[in-house]
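Trainee: Chain residues, written in single-letter form:
Protein chains: 2
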Amino acid sequence: MYLYSTMRSYVEAASSAKPTPGGGSIAAAAGALGMSMACMAANFTVGKKKFKAVEGEVRKQLDACMKARDELLRLMDEDTQAYAEVSAAYAMPKETAEDKAARTAAIQSALVVAMDAPLKAVRACRVALQATDALVEIANPNLISDVGVAALLCEAALRAAKLNVEINLHSLKDDTLVEKTRAEIEEAAAEGKAYATAVMTRVVKAVGGTI
Amino acid sequence: MYLYSTMRSYVEAASSAKPTPGGGSIAAAAGALGMSMACMAANFTVGKKKFKAVEGEVRKQLDACMKARDELLRLMDEDTQAYAEVSAAYAMPKETAEDKAARTAAIQSALVVAMDAPLKAVRACRVALQATDALVEIANPNLISDVGVAALLCEAALRAAKLNVEINLHSLKDDTLVEKTRAEIEEAAAEGKAYATAVMTRVVKAVGGTI
Numbered sequence: 022m023y024l025y026s027t028m029r030s031y032v033e034a035a036s037s038a039k040p041t042p043g044g045g046s047i048a049a050a051a052g053a054l055g056m057s058m059a060c061m062a063a064n065f066t067v068g069k070k071k072f073k074a075v076e077g078e079v080r081k082q083l084d085a086c087m088k089a090r091d092e093l094l095r096l097m098d099e100d101t102q103a104y105a106e107v108s109a110a111y112a113m114p115k116e117t118a119e120d121k122a123a124r125t126a127a128i129q130s131a132l133v134v135a136m137d138a139p140l141k142a143v144r145a146c147r148v149a150l151q152a153t154d155a156l157v158e159i160a161n162p163n164l165i166s167d168v169g170v171a172a173l174l175c176e177a178a179l180r181a182a183k184l185n186v187e188i189n190l191h192s193l194k195d196d197t198l199v200e201k202t203r204a205e206i207e208e209a210a211a212e213g214k215a216y217a218t219a220v221m222t223r224v225v226k227a228v229g230g231t232i
Numbered sequence: 022m023y024l025y026s027t028m029r030s031y032v033e034a035a036s037s038a039k040p041t042p043g044g045g046s047i048a049a050a051a052g053a054l055g056m057s058m059a060c061m062a063a064n065f066t067v068g069k070k071k072f073k074a075v076e077g078e079v080r081k082q083l084d085a086c087m088k089a090r091d092e093l094l095r096l097m098d099e100d101t102q103a104y105a106e107v108s109a110a111y112a113m114p115k116e117t118a119e120d121k122a123a124r125t126a127a128i129q130s131a132l133v134v135a136m137d138a139p140l141k142a143v144r145a146c147r148v149a150l151q152a153t154d155a156l157v158e159i160a161n162p163n164l165i166s167d168v169g170v171a172a173l174l175c176e177a178a179l180r181a182a183k184l185n186v187e188i189n190l191h192s193l194k195d196d197t198l199v200e201k202t203r204a205e206i207e208e209a210a211a212e213g214k215a216y217a218t219a220v221m222t223r224v225v226k227a228v229g230g231t232i
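Chains as they are written, first to last, in our numbering: chain A, 22 to 232; chain B, 22 to 232.
Keep in mind that the hints were calculated from the coordinates and are not lab data.
Beta carbons: idealized from backbone N, C-alpha and C, even for Gly.
Worth double-checking, as some hints may not be accurate.
[Said to hold, decoys possible] Below, computed lysine-lysine pairings styled on DSS-like, alpha-carbon distance capped at 25 Å:
(1) B/Lys39 / A/Lys81
(2) A/Lys226 / B/Lys194
(3) B/Lys88 / A/Lys39
(4) A/Lys226 / B/Lys201
(5) B/Lys115 / A/Lys71
(6) B/Lys226 / A/Lys141
(7) A/Lys214 / B/Lys39
(8) B/Lys71 / B/Lys226
(9) A/Lys39 / B/Lys73
(10) B/Lys226 / A/Lys201
(11) A/Lys39 / B/Lys81
(12) A/Lys71 / B/Lys71
[What the hints assert, rightly or not] Reference listing, derived: stretches of chain B covered by chain A, where coverage requires no fewer than 3 residues with Cβ under 8 Å from a Cβ of chain A:
(13) 23-29
(14) 59-70
(15) 100-110
(16) 123-136
(17) 150-157
(18) 180-192
[What the hints assert, rightly or not] Simulated restraints on C-beta separations:
(19) A/Asp195 / B/Asp91: 17 to 23 Å
(20) A/Arg80 / B/Pro114: 34 to 40 Å
(21) A/Ala219 / B/Glu208: 22 to 28 Å
With the rest of the complex left out, here is chain A (with noise of 0.2 Å):
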């Protein structure tokens, strides 16, 4: 599992001309990655006396952004193991009028599976953007930067797991479930988008940079 790979080495076989890991599992471990940033915030506000007014619903955040953070986690593996089904579907023989029809039923059946872990990650991204919003008005103000870098981080990661889902949705042929995916995904953009917008505009007023 790359979960307990290095850092090195899950880069290095993720840069390797092997099919994994791929775009959905290096997506969700970019959004791991943003949502440490809002623990660590949360974590250096939680039990300090100065934001005991907070207290409450900083912990409430924390708890959403962890469990996103390790949801995150799991996906980046999740990924990697749907990817031997698709395999394994486009390995099938397509000789006869049968082997292509069997073939084509296991290949669309696939691409259901292989969408799946990027539109989790799209979910969880949009849970840790929500949550980030809510701690960038309340937790320790020093640490404003990293719920900067928590957004930046979970924004890409959302749009990285949208176009991992996206380039399944262009082969299925299922248009109800296309459809229905599509939207799911333009609204989590767009309400990430917002309140990825809305971080970086306190941040930036913070430390006098720009967006």
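On the provided structure of chain A, position chain B as indicated by the hints.
Mentor: Relative to the frame of chain A, chain B by itself:
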């Protein structure tokens, strides 16, 4: 060194109430993850008959991507080490006027040291995005969504690293250095955004998605 930590332990260390690894390290790590996807796309292109016409150019860009990736992996740890100096400066005594002057001077030098790793990460991400833009036209089109993931993550990593430069510039009193550094990171961010937008425009056209 976090480079040789597992993903889980790096993410857990980053999440904890300890100042390192912080935003600068995480930004560099996200850039390295992004670059791995550009390397994968290039590695699925070189040595194939079908892409023989662009072999030389793809090899050149692969080389640039691997250098940027390895620099970003190195910066994951360099950023963490620099923090010790900042911490030591802030811990200096501030009883007498002499103490205070020495402490202020030490903090000012430490800020310059602390912004060095994120500044190098901004530069590496700029090179990374330039190479990604060159690859999107010529790499194996089966991996176009992975090239998109590279662009999304490296642009976010550039912006996250820039934020970690800005937070140091905010307290730095050397106006000439502040101005020069701000100009460099603004230019890098604008250029990086232009490359990422060009890549994503091409990618979403191919996968039938949205930016």
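Trainee: Determine for every hint whether it applies to the structure shown.
Mentor: Now the hints, each set against the structure:
| no. | hint | verdict |
| --- | --- | --- |
| 1 | B/Lys39 / A/Lys81 | holds (20 Å) |
| 2 | A/Lys226 / B/Lys194 | holds (19 Å) |
| 3 | B/Lys88 / A/Lys39 | holds (20 Å) |
| 4 | A/Lys226 / B/Lys201 | holds (20 Å) |
| 5 | B/Lys115 / A/Lys71 | holds (23 Å) |
| 6 | B/Lys226 / A/Lys141 | holds (24 Å) |
| 7 | A/Lys214 / B/Lys39 | violated (29 Å) |
| 8 | B/Lys71 / B/Lys226 | holds (22 Å) |
| 9 | A/Lys39 / B/Lys73 | holds (20 Å) |
| 10 | B/Lys226 / A/Lys201 | holds (20 Å) |
| 11 | A/Lys39 / B/Lys81 | holds (20 Å) |
| 12 | A/Lys71 / B/Lys71 | violated (64 Å) |
| 13 | 23-29 | holds (count 7) |
| 14 | 59-70 | holds (count 4) |
| 15 | 100-110 | violated (count 0) |
| 16 | 123-136 | violated (count 0) |
| 17 | 150-157 | violated (count 0) |
| 18 | 180-192 | holds (count 9) |
| 19 | A/Asp195 / B/Asp91: 17 to 23 Å | violated (43 Å) |
| 20 | A/Arg80 / B/Pro114: 34 to 40 Å | holds (36 Å) |
| 21 | A/Ala219 / B/Glu208: 22 to 28 Å | holds (26 Å) |
The structure fails hints 7, 12, 15, 16, 17 and 19 (numbered hints given earlier, in ascending order).
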